[in-house]
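The whole structure should be built from the sequences, with the hints applied where relevant.
Read off the chains here:
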Amino acid sequence: MNFLASSIESLGTKVVGWFTVAYGMFAFLAQAGLLLLDRTTWNRATFDVVIKQIYFTAVQILHVFLGYTLVISWLIITIILSTARDFGLTEFASEMTIRVLVLELLPFLTALFIALRSGSAINTEVALMQVNNELDALAHCKVPPMQFEFLPRLIGGVISVVTLAGLAGLLAMLMGYLAIYGINTAGFEPYTQTIAKIFDFEIMAGLIAKCALFGLAVTLIPVTAGLETPKKLFMVPVSVLRGMMRVFFAIVAIEVVSLALKYI
Amino acid sequence: MTAVADLNDDVARVALDLPLRANLSALDNIALIPLYQRHYGAAESVQQAQAMLDQMGHAEIALLRDPDMTPAQRFVTKLARALILKRPRLVIDRPGAMLYDVPYPAFIRQLATQAGMTGTWEIFDFSWNQALYKE
Numbered sequence: 013m014n015f016l017a018s019s020i021e022s023l024g025t026k027v028v029g030w031f032t033v034a035y036g037m038f039a040f041l042a043q044a045g046l047l048l049l050d051r052t053t054w055n056r057a058t059f060d061v062v063i064k065q066i067y068f069t070a071v072q073i074l075h076v077f078l079g080y081t082l083v084i085s086w087l088i089i090t091i092i093l094s095t096a097r098d099f100g101l102t103e104f105a106s107e108m109t110i111r112v113l114v115l116e117l118l119p120f121l122t123a124l125f126i127a128l129r130s131g132s133a134i135n136t137e138v139a140l141m142q143v144n145n146e147l148d149a150l151a152h153c154k155v156p157p158m159q160f161e162f163l164p165r166l167i168g169g170v171i172s173v174v175t176l177a178g179l180a181g182l183l184a185m186l187m188g189y190l191a192i193y194g195i196n197t198a199g200f201e202p203y204t205q206t207i208a209k210i211f212d213f214e215i216m217a218g219l220i221a222k223c224a225l226f227g228l229a230v231t232l233i234p235v236t237a238g239l240e241t242p243k244k245l246f247m248v249p250v251s252v253l254r255g256m257m258r259v260f261f262a263i264v265a266i267e268v269v270s271l272a273l274k275y276i
Numbered sequence: 639m640t641a642v643a644d645l646n647d648d649v650a651r652v653a654l655d656l657p658l659r660a661n662l663s664a665l666d667n668i669a670l671i672p673l674y675q676r677h678y679g680a681a682e683s684v685q686q687a688q689a690m691l692d693q694m695g696h697a698e699i700a701l702l703r704d705p706d707m708t709p710a711q712r713f714v715t716k717l718a719r720a721l722i723l724k725r726p727r728l729v730i731d732r733p734g735a736m737l738y739d740v741p742y743p744a745f746i747r748q749l750a751t752q753a754g755m756t757g758t759w760e761i762f763d764f765s766w767n768q769a770l771y772k773e
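Taken in sequence, the protein lines are chains C and Y. Read in order, the letters of the first sequence correspond to residues 13 to 276 in our numbering. Read in order, the letters of the second sequence correspond to residues 639 to 773 in our numbering.
Honestly, the hints are just simulated from the structure, not real lab data. No residue lacks a Cβ here, since even glycine has one placed at the ideal position from N, Cα and C. Treat each hint with caution, since some may be false.
If you want the footprint, here are the derived chain C segments under chain Y, 3+ residues with CB under 8 Å [unchecked claim]:
{"no.": "1", "stretch": "54-67"}
{"no.": "2", "stretch": "139-149"}
{"no.": "3", "stretch": "153-167"}
Ranges of calculated distance between the beta carbons of each label pair, as one might list FRET restraints [stated by the list, open to error]:
{"no.": "4", "chain 1": "Y", "residue 1": "F762", "chain 2": "C", "residue 2": "A217", "range": "53 to 61 Å"}
{"no.": "5", "chain 1": "C", "residue 1": "A151", "chain 2": "Y", "residue 2": "S765", "range": "36 to 44 Å"}
{"no.": "6", "chain 1": "Y", "residue 1": "P741", "chain 2": "C", "residue 2": "S18", "range": "55 to 63 Å"}
{"no.": "7", "chain 1": "C", "residue 1": "L41", "chain 2": "Y", "residue 2": "F762", "range": "47 to 55 Å"}
{"no.": "8", "chain 1": "C", "residue 1": "H75", "chain 2": "Y", "residue 2": "D706", "range": "53 to 61 Å"}
{"no.": "9", "chain 1": "Y", "residue 1": "G679", "chain 2": "C", "residue 2": "I20", "range": "31 to 39 Å"}
{"no.": "10", "chain 1": "Y", "residue 1": "R676", "chain 2": "C", "residue 2": "I207", "range": "49 to 57 Å"}
{"no.": "11", "chain 1": "Y", "residue 1": "P741", "chain 2": "C", "residue 2": "F261", "range": "52 to 60 Å"}
{"no.": "12", "chain 1": "C", "residue 1": "L74", "chain 2": "Y", "residue 2": "D655", "range": "36 to 44 Å"}
{"no.": "13", "chain 1": "C", "residue 1": "V28", "chain 2": "Y", "residue 2": "Y771", "range": "29 to 37 Å"}
{"no.": "14", "chain 1": "C", "residue 1": "L74", "chain 2": "Y", "residue 2": "Q675", "range": "30 to 38 Å"}
{"no.": "15", "chain 1": "C", "residue 1": "I220", "chain 2": "Y", "residue 2": "D706", "range": "55 to 63 Å"}
See below:
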């Protein structure tokens with residue numbers, strides 16, 4: 013009986029914990045959203061920090077990211093093409109390449125890439141700021157941490173994931189064309205027709221929304237996880253661990269929901 | 639000491655529990671105030687911050703970040719940040735905890751006598767350190 017009671021109690025504590033975390037995240041998001049609508053937020057200082065964030069999140073890693081996209085795309089395209097040839101489905105190869113790579117795999121991998129590089133850094137930095145009282149110091153100086161530290165990271169994350177996933181998609185489409193038709197213009201018309209057929213308004217809007225949600229997940233979750241850190245230095249690794257686990261589950265959940273909405 | 643932390647908004651505090659932003663230089667830490675409070679442009683804010691450091695005789699620390707500073711340099715940056723807030727009162731809270739590499743009463747006195755320093759600086763320190771201020 014005691015075991016049953018303690019199990020229920022522990023489950024209840026966990027559920028309450030999840031709800032508290034979710035509430036904290038949505039409250040933070042609502043606060044950020046309201047601040048976005050406030051005209052005073054859009055001053056030169058905030059704009060400069062947003063530009064800096066985009067530079068650190070997207071521009072600084074561009075060459076590594078494009079190299080990684082090139083390798084992954086080349087491998088997947090080769091696998092799709094050889095499988096399509098084996099099954100006599102060559103005419104579907106270009107559509108399959110675009111659907112698998114551009115719509116699903118590359119946005120997912122971009123989000124993972126940004127999460128591992130920038131998300132973990134954001135989580136650690138915010139946790140350290142929390143532990144070292146730096147946020148209290150900013151508050152004492154009446155420098156709003158939301159405008160100076162958090163909002164630029166959220167905006168930078170969303171813009172970075174959307175643009176990097178877009179760039180990766182363009183690169184993959186170019187590679188797909190080269191792999192299927194080679195260096196000539198013979199396949200230009202059928203290939204562009206396939207692209208036009210796939211990318212209707214609904215798919216484009218869904219893709220942009222999915223990438224924006226990925227961008228939000230890889231920045232919002234680390235920020236809120238960092239802010240939850242108790243003021244003890246040894247809790248920083250725990251905060252990063254929790255934050256990155258949540259980011260992973262959020263990215264997977266977004267991908268699963270997007271697939272379900274598209275194909276079920 | 640809780641009373642010091644609870645001082646109201648018209649007090650600019652220099653304290654161990656109000657650290658600098660670790661990944662910003664001394665100049666950027668000070669420039670944040672005119673940038674976000676008075677909405678000056680970035681260049682003008684940096685200029686004001688540099689002028690403050692010049693006035694305090696520590697222009698050389700402008701580009702240093704917190705971990706690269708000596709305790710005295712860190713204190714000077716915190717003091718410059720507090721001064722640029724332009725609040726009616728300035729409280730230095732337990733200076734001994736921040737200035738452990740210099741004889742601090744003399745160091746603070748020297749900073750206070752720099753040209754152009756206005757207002758009264760209040761020092762909150764432990765009673766057993768009172769003797770140090772009489773030297």
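Going through the hints against the structure:
1. 54-67: Three-residue rule met by the stretch 54-67 of chain C, so holds; n is 4.
2. 139-149: holds (count 7)
3. 153-167: Per the Cβ count (6), the hint holds.
4. F762/Y with A217/C: 53 to 61 Å: holds, 59 Å
5. A151/C with S765/Y: 36 to 44 Å: violated, 30 Å
6. P741/Y with S18/C: 55 to 63 Å: holds, 59 Å
7. L41/C with F762/Y: 47 to 55 Å: violated, 40 Å
8. H75/C with D706/Y: 53 to 61 Å: violated, 29 Å
9. G679/Y with I20/C: 31 to 39 Å: violated, 59 Å
10. R676/Y with I207/C: 49 to 57 Å: holds, 51 Å
11. P741/Y with F261/C: 52 to 60 Å: holds, 56 Å
12. L74/C with D655/Y: 36 to 44 Å: holds, 40 Å
13. V28/C with Y771/Y: 29 to 37 Å: violated, 53 Å
14. L74/C with Q675/Y: 30 to 38 Å: holds, 35 Å
15. I220/C with D706/Y: 55 to 63 Å: The hint (55 to 63 Å, Cβ to Cβ) is violated, given that I220/C and D706/Y are roughly 43 Å apart.
Hint check: violations occur at hints 5, 7, 8, 9, 13, 15; the rest are consistent with the structure.
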